[in-house]
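Colleague: Sequence:
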Amino acid sequence: MGGPGGGAGRCRTIRLSGSKEAPLQTPDGRYIVVRGRLWRRSNPALPEAERQALVNELMDARRAVRDAADEAMTRAARARVQAAKVALGERGPVWWDDGAPDLNRHMVRNTPYADWFASLAGDP
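Going by numbering that gives the first Met the number 0, the residue at position 98 of the sequence shown is 97; the numbering climbs one at a time, nothing skipped.
The hints are simulated quantities; they were obtained by calculation from the structure and are not laboratory data. Glycine is no exception: its CB is placed at the ideal position from the N, C-alpha and C atoms. Treat each hint with caution, since some may be false.
[What the hints assert, rightly or not] Calculated cross-link-like contacts (lysine to any residue; reagent style SDA-like; alpha-carbon spacing at most 25 angstroms):
| no. | residue 1 | residue 2 |
| --- | --- | --- |
| 1 | K84 | Y112 |
| 2 | K84 | A120 |
| 3 | K84 | E49 |
| 4 | K84 | L102 |
| 5 | K84 | R61 |
| 6 | K84 | E47 |
| 7 | K84 | E56 |
| 8 | K84 | S118 |
| 9 | K84 | R65 |
| 10 | K84 | R40 |
| 11 | K84 | M106 |
| 12 | K84 | I31 |
| 13 | K84 | A52 |
| 14 | K84 | P22 |
| 15 | K84 | D101 |
[Stated by the list, open to error] Here are the computed distance ranges between Cβ atoms for each label pair:
| no. | residue 1 | residue 2 | range |
| --- | --- | --- | --- |
| 16 | A44 | Q81 | 18 to 24 angstroms |
| 17 | P26 | A68 | 41 to 47 angstroms |
| 18 | A52 | N103 | 19 to 25 angstroms |
| 19 | E70 | D114 | 41 to 47 angstroms |
| 20 | S118 | P43 | 21 to 27 angstroms |
| 21 | M72 | A99 | 33 to 39 angstroms |
| 22 | D27 | D69 | 41 to 47 angstroms |
| 23 | P22 | G91 | 19 to 25 angstroms |
| 24 | V85 | R108 | 24 to 30 angstroms |
| 25 | D69 | G98 | 39 to 45 angstroms |
| 26 | D114 | P22 | 18 to 24 angstroms |
| 27 | W38 | E70 | 23 to 29 angstroms |
Generate coordinates for the entire structure from the input sequences, incorporating the hints supplied.
Modeller: Here you go:
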């Protein structure tokens, strides 16, 4: 199967672009899968109001990065993005406590989730 770049890569792509469906989540709920890569989910223990406030701050900070007029403003805005992502649990210390490693940004095929992911496409 061809990879996102059109080559014969081994990465399986599940396309969600333009889809209203929620992103594919790992069975343990720790990650979403985007183009074959694991991305850490927000901490599900966050109260909804707090989570939404942090998402709003993250979006504001991302717009500030985009609109920054100079390097100092860019650095400050990026620091806001980082702080929001840490507060959401998407970066920084993991939000689970069972000692499992953080596999954020790993290709799913190179993780313990590989068999699960392959089974979604009905591979033998």
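Colleague: Each hint: holds or not?
Modeller: Results for each hint:
1. K84 with Y112: holds, 24 angstroms
2. K84 with A120: violated, 31 angstroms
3. K84 with E49: holds, 13 angstroms
4. K84 with L102: holds, 16 angstroms
5. K84 with R61: holds, 11 angstroms
6. K84 with E47: It holds: about 15 angstroms lies between the C-alpha atoms, which stays within 25 angstroms.
7. K84 with E56: The hint holds at about 10 angstroms.
8. K84 with S118: Judged against 25 angstroms, a Cα distance of about 31 angstroms means the pair is violated.
9. K84 with R65: Holds, at roughly 17 angstroms.
10. K84 with R40: Distance ~10 angstroms between K84 and R40 Cα, so the pair holds.
11. K84 with M106: Roughly 20 angstroms separates the two Cα atoms, so the pair holds.
12. K84 with I31: holds, 15 angstroms
13. K84 with A52: holds, 12 angstroms
14. K84 with P22: Satisfied, since the Cα-Cα distance of roughly 18 angstroms is no more than 25 angstroms.
15. K84 with D101: Within the cut-off at roughly 15 angstroms; holds.
16. A44 with Q81: 18 to 24 angstroms: holds, 21 angstroms
17. P26 with A68: 41 to 47 angstroms: Given a distance of about 45 angstroms, which is inside 41 to 47 angstroms, the answer is holds.
18. A52 with N103: 19 to 25 angstroms: holds, 23 angstroms
19. E70 with D114: 41 to 47 angstroms: holds, 46 angstroms
20. S118 with P43: 21 to 27 angstroms: Because 24 angstroms falls inside the window, the suggested range holds.
21. M72 with A99: 33 to 39 angstroms: holds, 38 angstroms
22. D27 with D69: 41 to 47 angstroms: holds, 43 angstroms
23. P22 with G91: 19 to 25 angstroms: holds, 21 angstroms
24. V85 with R108: 24 to 30 angstroms: holds, 28 angstroms
25. D69 with G98: 39 to 45 angstroms: Check passed, 43 angstroms falls within 39 to 45 angstroms.
26. D114 with P22: 18 to 24 angstroms: holds, 20 angstroms
27. W38 with E70: 23 to 29 angstroms: holds, 28 angstroms
Going through the hint list in order, the structure does not satisfy hints 2 and 8.
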